[in-house]
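So you can see what is in the structure, the chains are spelled out below.
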Amino acid sequence: MISFVLNGQPVSVQAGGLSRLIDVLRHELGLTGTKEGCGEGECGACSVLVDGQVVNSCLLPVCQVDGSTVQTIEGIGGDDLDLLQRAFMEHGGTQCGMCTPGMIVAAKALIDAGGAPSLDDVREGLAGNLCRCTGYAKILDAVLAAAAARREEAT
Amino acid sequence: MIHASTTAITRPRSLDEALAALEKSPGAVLLAGGTDLMVAWNAGERHLPERVVDLWSVPELATIGVAGDALHVGALATHSRIVGSPEVRAHAPALAEASRTVGAAQIQNRGTIGGNIANASPAGDTLPVLLAMDATIVVASRARGERPVPADAFWTAYRRTALAPEELIVRVEIARDRPQVLFRKVGTRRAQAIAKVSMALSLRRSAGGAVEDARIAWGSVAPTPVRARRAEDALRGKPLDAASIGAACAALPQDISPIDDIRSTREYRLHVAMAILRRALSGWVG
Amino acid sequence: MVPGRSRIVGDSPVRKDAFEKVTGKARFVDDLSVEGAWVGRTVRSSEAHARLRAIRFDPAFDWSTVVVVTAADIPGENVIAAIADDQPCLVDGVIRHAAEPVAVIAAPDDRTAGEALRHVSLDTESLTPVLDHESSDQALKSYEILKGDVERGLAEADLIVEGTYRVGHQEQMYIEPQGIIAIPRQDGMLVQGSLQCPFYVHKALTRVLGLAGDEVVVAQTVTGGAFGGKEEYPSMIAAHAALAARKAGRPVRIVYDRREDVRATTKRHPATVRHRTGVMRDGRIVAMDVEVVMDGGAYVTLTPVVLSRGTIHAAGAYRCANTRIRSRAVMTNTPPNGAFRGFGAPQTLFAVERQMDRVARALGLSPLEVRRKNLIGVGDTTATGQLLTDSVGAREVLEAVATAGNVELRHAELENKPRVDGAHLARGLGLSVYLHGAGFTGSGEAHLRGKAAVALGRDGRFEVQVGSTEMGQGARTVLAQIAAEELGVPLDDVDVVTPDTSIVPDSGPTVASRTTMIVGSVVREAAAALGAELGAAYPSLELRAAAREHAIERGPLRVLREYRPPPDVRWDDAAYRGDAYPVYGYGANVVEVEVDLDTLQVEVTRCLAAADVGKAIHPQLVEGQVQGGTLQALAWGYLEELVLKDGRVQNDRMTNYLIPTTLDTPPIETILVERPYVRGPFGAKGVGELPMDGAAAALASAISQALGVEVDTLPATPERLLDLVRGSR
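Chains as they are written, first to last, in our numbering: chain F, -18 to 136; chain H, -15 to 270; chain P, 10 to 738.
Quick caveat, the hints were computed from the structure, so don't treat them as lab data.
Being a predicted model, the structure only gives us computed values, none of them experimental.
Treat each hint with caution, since some may be false.
[What the hints assert, rightly or not] Okay, the calculated bits of chain H under chain F, using three or more residues with CB under 8 Å as the criterion:
1. -10 to -4
2. 26 to 36
[As the list claims (entries may be wrong)] Sample of chain F residues facing chain P (criterion: CB under 10 Å; computed from the structure):
3. Asp47
4. Ser49
5. Cys77
6. Gly78
7. Cys80
8. Glu105
9. Arg113
10. Leu121
[To be verified] Lysine to aspartate or glutamate pairs mimicking DMTMM-like chemistry, simulated, CA-CA at most 20 Å apart:
11. Lys460(P) / Asp509(P)
12. Lys34(P) / Asp61(F)
13. Lys34(P) / Glu9(F)
14. Lys654(P) / Asp244(H)
15. Lys212(P) / Asp196(P)
16. Lys212(P) / Glu134(P)
17. Lys34(P) / Glu71(F)
18. Lys654(P) / Asp245(H)
19. Lys34(P) / Asp60(F)
20. Lys460(P) / Glu534(P)
21. Lys382(P) / Glu405(P)
Here a beta-carbon is modelled for each residue, glycine too, at the ideal position from N, C-alpha and C.
Model the full structure from these sequences, guided by the hints.
So, in structure tokens, the structure goes:
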């Protein structure tokens, strides 16, 4: 039995220890917001936060999250959308939507790190998330806008 | 998808427990951040093993710090922690630079230096740096305790290492008085790139400017990470000038054996290796 | 703008599907939970060409636990309906390409399906494959466009400039791999999945299953990118899933993993294009002789139409009195090539734009000058003899990037001195200008007569019913904007229903930059008619109130309209002359690069993209199309390369078929030009494909200037550039 805190709720799953976290999330726990685009840690569509750090859930054996805190796209925002989600909506940061959950999760890790990320910081922070639709421009706009809004909220 | 299997997974909480687990089942697959193993298991390129020892929760293996004259980087140190470590930045900045080129944030948060070393890919980003730094890879087994292996002797053949079945990598030690290393990676793109050619270079020069020692290490141009010993010899004892640089570059093709593969060509790799070596030596300061 | 109306068109409201996408609530095909669904896997050939003698099922596996479908199980025709009915659903006799589907296995779970797959082998007799399109003699289609007298033009020219250009495959690499779920029903088959063209799938299924039209229902799920890659291939997957579901008597899900997707599905056609151009000393082009060869792969799929579009665009955005374009598509034993954003035009436009640079160099003119002198405009005719009368933004887009990019000065500067002081780098600038026909080619729209409906529901809200799909480009939002603007109601009052062939009319496929312009114009007409009807019923009420009253008192109301081709658009299919497209979009790019002279790695330091889209219904979405398409074009130019060996794809993973990351992507400065097209909704023309057409040529041109070579083959990888630089020494 593997136990962890998922989006604020404790969960326990009966799964093979080497099962991929993404499969446990999607098939055992019904959280399909986390996407699979490549299965080898290249596209980042499966990004989740484990103890606050962005990781590829397709490369994570579920035994390694025992005792950890996991946050997926379903745990971001809630009824009232997160700043990042609102920024993606307003700035046109989503097109087909397949990379979007992973992109938002990776951006959240970046923004949660605090400070005032520069454009280059955001580009580096999202380099593990591939998008084939947008040319990235509006995604970068959205993340920078959300970071600015976060700083505003904090002051 | 990786299906549930009969694989027995041990999750030691201390180094002692890890060594004991390994002694009990030598040849068990050691799991660190999983960024290489999980890909191979999921693609069916490797069968799921009978036994796995998951090192992820062994705290002693994750420390980074300075001990005496050396920087110690624990095998479980992730690339993110290496990049963010003030000690690494102070004493081995090229290692931080190399770790920063591994995958992207997601991979850097999980991939470890020990995994990079053990996986023994000729394209492993940190490996040429460890060679150029004359790093010591400290391995251990329960029966024999710690055993230092010079990086030079660690990668023995394509994807083969000096690690014995009952051993694991504990840490990397890098002397603090080493000359600085210049790292250059020529990848397939600007992020998440696998190296077509990578180079790590360090020189020690006398007050008069002669090269006393040179270590020139390469990735992706041979079955293992390699040093270019003939090129090094061409520099040793010589002032760094057009003649010695020319001789080093001319010697380089004998040191490396690049191939055509899906990412590049033998011709290109040879050209680039010589060009970046020439550039690095010509622009050498210090 | 009618006074008092909301300004919905031209504004950039939040897209209709944004909320579900940013929250992870959007359900893609693999996210759907279907009770009792089995997993389907495909048995594929490993050889490029062979006779299939038998399929061997290893008795070590318990075959009673799974269902196996072979060609023998097909109740209808063993064919994937397309232009020619030459592609089988499952191999029966001869294997014509590697990764060709031979059988389908359905099992209760993924593990069993995988095990079964490992216990199947093919007994084959190898045949000699044709692997290179330049040496294939199996032509599957050819065209000839003639205008004026090309031989006379060449004879009269001061100078003849020749060039040969080659481009490779390109993988769509949508982030969501392909997938379909087939659900057997008492009266037929329901198929849901990631697809661009529900009615294509519908037609293919009726043929394979031998069912009547009303026995097959195809519904789209949220589609994670397509770029043409989900135009024809979903018919294949749907047929496989449906056959397996029929035999298993339960739902079957087939979702490809990335490697299967890259190995098996369609790609952009590789092409070789030869140009002979006659020019006068003053820079005028007097003759263009163009030869195009495209690699169709093993089956016809959509190749004739791809070749047609490539042929028509081969003369570029230039006026020339004497033009001859001869083209052919040939077959090879490689996975079939098919639709990919641009549809043949990026290949031939790359060639003509590189050729213009060569012409410029031969004449001692700058690339900008030679383009200015020959650029097409109102009053000129295209290669097919189409007279351009309005909405021609060619000059505006060219001048927009020329000004913003300071092209005259920068180009001259870099021409004199490409090397960067104190660094081992060289710089270059490249320019391109191009056009892209919006809508189907020739008589396509007239034959198709795409339909659209706008309906008033019981709740007083409106619904747009079209077969056009949302695949990320924003169709759902744009079509809602058009209807809302026309009706004069808030955008929130209008929904666009998710395509389901049992509900929506056939609007034609979501391809060819036709959705906004063609389907949008039909939606506008239907909305106008609906509005008029409501207005007539309640003349004293404003429309929103009238709609509510109507819904309460008289119930729902639906108006269906179909596309009526403008009477003055004429096309001769036999002679290949006339109005090839109702109208063209125009684009221009400036690309600046920095090339590392040690490694020949290319960095794009600046990229400008101007697009004449007629009218940007939703400027933010249009910019998104331009930025995304331009990046795909740049990457095709220097990064993306499909490697085949013995006809098999060698780089079937995201780690070895590379697309750009954020760090590889320059800021793409977008300039929207609006030269309204009178028949487009609110002046809009198509935009989807245009941004794919020119950036690769501008990039190749920039690299050429930096290195003092001619980059005529794509992708311009460092390895290829090394060969070029060495060859030029």
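Hint check results:
no.: 1; hint: -10 to -4; result: holds (count 3)
no.: 2; hint: 26 to 36; result: holds (count 4)
no.: 3; hint: Asp47; result: violated, 23 Å
no.: 4; hint: Ser49; result: violated, 20 Å
no.: 5; hint: Cys77; result: holds, 3 Å
no.: 6; hint: Gly78; result: holds, 3 Å
no.: 7; hint: Cys80; result: holds, 5 Å
no.: 8; hint: Glu105; result: holds, 7 Å
no.: 9; hint: Arg113; result: holds, 5 Å
no.: 10; hint: Leu121; result: holds, 7 Å
no.: 11; hint: Lys460(P) / Asp509(P); result: holds, 14 Å
no.: 12; hint: Lys34(P) / Asp61(F); result: holds, 14 Å
no.: 13; hint: Lys34(P) / Glu9(F); result: holds, 17 Å
no.: 14; hint: Lys654(P) / Asp244(H); result: holds, 13 Å
no.: 15; hint: Lys212(P) / Asp196(P); result: holds, 17 Å
no.: 16; hint: Lys212(P) / Glu134(P); result: violated, 34 Å
no.: 17; hint: Lys34(P) / Glu71(F); result: holds, 18 Å
no.: 18; hint: Lys654(P) / Asp245(H); result: holds, 12 Å
no.: 19; hint: Lys34(P) / Asp60(F); result: holds, 12 Å
no.: 20; hint: Lys460(P) / Glu534(P); result: holds, 11 Å
no.: 21; hint: Lys382(P) / Glu405(P); result: holds, 14 Å
In this structure, the earlier hints numbered 3, 4 and 16 are contradicted, and the remaining ones agree with it.
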